[in-house]
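A.B. asks: Here's the letter readout for the chains.
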Amino acid sequence: MTPLRASIAGAIASIILILVVVELVRGRRLKERYALLWLATGVVLLILSVWREGLNTLAGWFGVTGYPPAVLFAVAILFIFLVLLHYSTVVSRLTDENVDLAQRIALLEEKLSRAPPPVD
Amino acid sequence: MSFIAVVPAWNEEGAIGRVVDEIRAYDVAATVVVVDDASTDRTADIAEAHGAKVLRLPFNVGIGGAVQTGFRYARDEGFEVAARLDGDGQHDASELDKLLEPVLAGTADLVIGSRFVDPGGGYRPPFARRTGIRLFARLVSVLGGQKVTDTTSGFVALSRSGIELFAVEYPHDYPEVEATLVALRSGLRLAQVQVEMRERQAGTSSITFVRSLYYIVKVMLALLVASLRRYPRLQAARR
Numbered sequence: 383m384t385p386l387r388a389s390i391a392g393a394i395a396s397i398i399l400i401l402v403v404v405e406l407v408r409g410r411r412l413k414e415r416y417a418l419l420w421l422a423t424g425v426v427l428l429i430l431s432v433w434r435e436g437l438n439t440l441a442g443w444f445g446v447t448g449y450p451p452a453v454l455f456a457v458a459i460l461f462i463f464l465v466l467l468h469y470s471t472v473v474s475r476l477t478d479e480n481v482d483l484a485q486r487i488a489l490l491e492e493k494l495s496r497a498p499p500p501v502d
Numbered sequence: 029m030s031f032i033a034v035v036p037a038w039n040e041e042g043a044i045g046r047v048v049d050e051i052r053a054y055d056v057a058a059t060v061v062v063v064d065d066a067s068t069d070r071t072a073d074i075a076e077a078h079g080a081k082v083l084r085l086p087f088n089v090g091i092g093g094a095v096q097t098g099f100r101y102a103r104d105e106g107f108e109v110a111a112r113l114d115g116d117g118q119h120d121a122s123e124l125d126k127l128l129e130p131v132l133a134g135t136a137d138l139v140i141g142s143r144f145v146d147p148g149g150g151y152r153p154p155f156a157r158r159t160g161i162r163l164f165a166r167l168v169s170v171l172g173g174q175k176v177t178d179t180t181s182g183f184v185a186l187s188r189s190g191i192e193l194f195a196v197e198y199p200h201d202y203p204e205v206e207a208t209l210v211a212l213r214s215g216l217r218l219a220q221v222q223v224e225m226r227e228r229q230a231g232t233s234s235i236t237f238v239r240s241l242y243y244i245v246k247v248m249l250a251l252l253v254a255s256l257r258r259y260p261r262l263q264a265a266r267r
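Going down the list, the sequences are from chains A and B. Just so you know, we're using the numbering used here here: the first sequence kicks off at 383 and counts up by one. Just so you know, we're using the numbering used here here: the second sequence kicks off at 29 and counts up by one.
I should point out that these hints are in silico values taken from the structure, not numbers from a laboratory. Predicted model only: the values in this text are computed from it and were never measured. Beta carbons: idealized from backbone N, C-alpha and C, even for Gly. You may find that some hints are simply not true.
A few chain A residues facing chain B, derived, Cβ under 10 Å [as the list claims (entries may be wrong)]:
{"#": "1", "residue": "GLU435"}
{"#": "2", "residue": "ASN438"}
{"#": "3", "residue": "ASP482"}
{"#": "4", "residue": "LEU483"}
{"#": "5", "residue": "ALA497"}
Stretches of chain B that chain A covers, calculated by requiring three or more beta carbons in the stretch to come under 8 Å of a beta carbon on chain A [unchecked claim]:
{"#": "6", "segment": "82 to 89"}
{"#": "7", "segment": "97 to 107"}
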């Protein structure tokens with residue numbers, strides 16, 4: 383059985399995560415698009431912390447008999463992987479877009495240097 | 029046919045002037061485009077002084093991104109034949125005749141200036157490098173379904189179809205090997221001609237041990253991915 387204190391700590395941590403994410407979005411320092419995975423992380427961890435029966439059942443499915451909160455860690459790590467992987471795809475896309483922009487700038491500047499001076 | 033020479037350069041102020049001069053000596057009418065990959069030296073100014081058009085990238089994008097800028101220029105300006113020569117002077121512009129011949133004859137879309145067409149060719153790189161070059165050549169030959177002798181050569185010529193492909197599809201770092209496979213899978217006709225390459229004229233090579241490890245791993249992954257992707261068949265589009 384999950385120790386009560388572990389559940390309380392888990393719940394508090396999840397709530398803090400959710401509040402921080404919401405605050406960041408509210409202050410426009412985090413885009414909704416990138417907040418969604420974090421919010422999902424917070425909500426899932428909160429549910430598993432509060433719903434102690436559920437965590438035990440889940441632990442049973444995965445054969446974690448000694449210490450059910452280990453499943454909480456596993457789920458948290460899984461979500462962190464998801465967030466990181468998502469960010470890697472975002473960075474890749476930004477890299478491509480960045481190079482494309484750099485190339486366009488080089489091409490446009492060359493075109494501009496050839497153009498006749500503007501007539502007022 | 030309108031011919032453009034694309035010359036990527038990063039901090040090559042010691043060599044770039046001569047490279048431009050040699051291309052213009054080969055063909056006075058040639059448009060020479062030097063793509064300056066955000067050099068911190070006088071590469072761009074020197075190239076311009078020697079009569080090249082200069083495309084100045086606002087920050088360093090890597091050799092592939094730089095070369096592609098030149099191909100985009102060639103595509104946008106309607107050039108029909110392009111060649112790529114490196115800005116360090118290792119490619120001999122007097123060999124452009126040989127390199128362009130299959131494109132001008134309409135028999136090839138991508139001509140690779142290869143160091144290994146001719147088994148008795150003069151170039152014999154050190155063991156590690158030779159092994160790498162051979163491995164990539166084998167892989168591309170198997171995955172692309174055609175024997176390729178040198179996939180790491182940056183001395184290439186392109187037809188209009190080749191220009192159009194590479195303006196859109198070109199890897200951003202260590203591009204040559206993957207680009208060769210992409211060309212084959214897109215249905216470009218490949219030709220290979222024997223060329224000699226010179227020692228670099230000035231500056232230092234960008235290949236170090238850690239980078240060559242990254243190079244090998246990156247290229248292997250890129251080849252794997254490229255053979256899983258679908259590419260539009262260009263041959264079919266051409267009449």
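A.B. asks: Would you mind marking each hint as holding or not holding in the structure?
C.D. replies: Hint check:
1. GLU435: 45 Å, violated
2. ASN438: 42 Å, violated
3. ASP482: Check passed: Cβ of A:ASP482 comes within 9 Å of chain B, closer than 10 Å.
4. LEU483: 8 Å, holds
5. ALA497: Not OK, violated: A:ALA497 not within 10 Å of chain B, min 14 Å.
6. 82 to 89: With 7 residues in contact (Cβ-Cβ under 8 Å with chain A), the coverage given for the segment 82 to 89 of chain B holds.
7. 97 to 107: holds (count 4)
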